[in-house]
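K.L.:
Line by line, the protein sequences give chains A and B. Those letters in the first sequence? Residues 50 to 155, per the numbering used here, in order. Those letters in the second sequence? Residues 33 to 145, per the numbering used here, in order.
Hint data in this document are derived by calculation from the structure and do not stem from the laboratory.
Calculated pairs, BS3-like style, for lysine-lysine (alpha carbon to alpha carbon, straight line, at most 25 Å):
{"hint": "1", "chain 1": "A", "residue 1": "Lys142", "chain 2": "B", "residue 2": "Lys35"}
{"hint": "2", "chain 1": "B", "residue 1": "Lys50", "chain 2": "B", "residue 2": "Lys87"}
{"hint": "3", "chain 1": "B", "residue 1": "Lys50", "chain 2": "B", "residue 2": "Lys103"}
{"hint": "4", "chain 1": "A", "residue 1": "Lys142", "chain 2": "B", "residue 2": "Lys103"}
{"hint": "5", "chain 1": "B", "residue 1": "Lys85", "chain 2": "A", "residue 2": "Lys142"}
{"hint": "6", "chain 1": "B", "residue 1": "Lys35", "chain 2": "B", "residue 2": "Lys87"}
{"hint": "7", "chain 1": "A", "residue 1": "Lys142", "chain 2": "B", "residue 2": "Lys87"}
{"hint": "8", "chain 1": "B", "residue 1": "Lys89", "chain 2": "B", "residue 2": "Lys102"}
{"hint": "9", "chain 1": "A", "residue 1": "Lys106", "chain 2": "B", "residue 2": "Lys35"}
{"hint": "10", "chain 1": "B", "residue 1": "Lys103", "chain 2": "B", "residue 2": "Lys89"}
{"hint": "11", "chain 1": "A", "residue 1": "Lys106", "chain 2": "A", "residue 2": "Lys125"}
{"hint": "12", "chain 1": "A", "residue 1": "Lys142", "chain 2": "B", "residue 2": "Lys102"}
{"hint": "13", "chain 1": "B", "residue 1": "Lys89", "chain 2": "A", "residue 2": "Lys142"}
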Amino acid sequence: GQNIDQPTEMTATEGAIVQINCTYQTSGFNGLFWYQQHAGEAPTFLSYNVLDGLEEKGRFSSFLSRSKGYSYLLLKELQMKDSASYLCGIRDKLTFGTGTRLAVRP
Amino acid sequence: DVKVTQSSRYLVKRTGEKVFLECVQDMDHENMFWYRQDPGLGLRLIYFSYDVKMKEKGDIPEGYSVSREKKERFSLILESASTNQTSMYLCASIEVLYNSPLHFGNGTRLTVT
Numbered sequence: 050g051q052n053i054d055q056p057t058e059m060t061a062t063e064g065a066i067v068q069i070n071c072t073y074q075t076s077g078f079n080g081l082f083w084y085q086q087h088a089g090e091a092p093t094f095l096s097y098n099v100l101d102g103l104e105e106k107g108r109f110s111s112f113l114s115r116s117k118g119y120s121y122l123l124l125k126e127l128q129m130k131d132s133a134s135y136l137c138g139i140r141d142k143l144t145f146g147t148g149t150r151l152a153v154r155p
Numbered sequence: 033d034v035k036v037t038q039s040s041r042y043l044v045k046r047t048g049e050k051v052f053l054e055c056v057q058d059m060d061h062e063n064m065f066w067y068r069q070d071p072g073l074g075l076r077l078i079y080f081s082y083d084v085k086m087k088e089k090g091d092i093p094e095g096y097s098v099s100r101e102k103k104e105r106f107s108l109i110l111e112s113a114s115t116n117q118t119s120m121y122l123c124a125s126i127e128v129l130y131n132s133p134l135h136f137g138n139g140t141r142l143t144v145t
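Looking at chain A on its own, in the form it has when it is part of the complex (with noise of 0.2 Å):
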């Protein structure tokens, strides 16, 4: 089976840099992706690790660690368009952790 863990809810200043994390057990694993999600939309595609270490896009940044069984989700220099939930995933059976609600403040 699977079990992936991330925390509910963040709040983060606009300007700044917010680490999201994830943890996962389990007993397949062909890599992980990261999705942002706005209200009331479809989930977008952020990242995906194969490998251990940091993968960067802009200001998106996503870290994995196999042997430990963690990732994170570096966002920097916060705009208020990134509050959202970001959604963990494994790709095994791709499934996924409830989703970090993430608020920027001004």
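Start from chain A and add chain B according to the hints.
P.N.:
Okay, now just chain B, sitting in the frame of chain A:
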């Protein structure tokens, strides 16, 4: 760009009705998925399919069935809708290649009264 299309954005059905949720993707993806999303519970996998006429149960298949007669179409069926099936339903598809992302449809908000 991959397009995953769900036939209805909003649907209202009565308890006991048979409900069909349709999903079509245009990129020849082998793998397709149905999720439901509820506040505080996140995305939960109902069923998935790796190929035509193949289906696998996800984490919460009870009360649902699926049909995959053609590669591009994956249907979710509620045999007898109940109020606890009121939810947002999301369809998704993905290529077999490991570095390809999961593409979601826009969702169907189903209300069972």
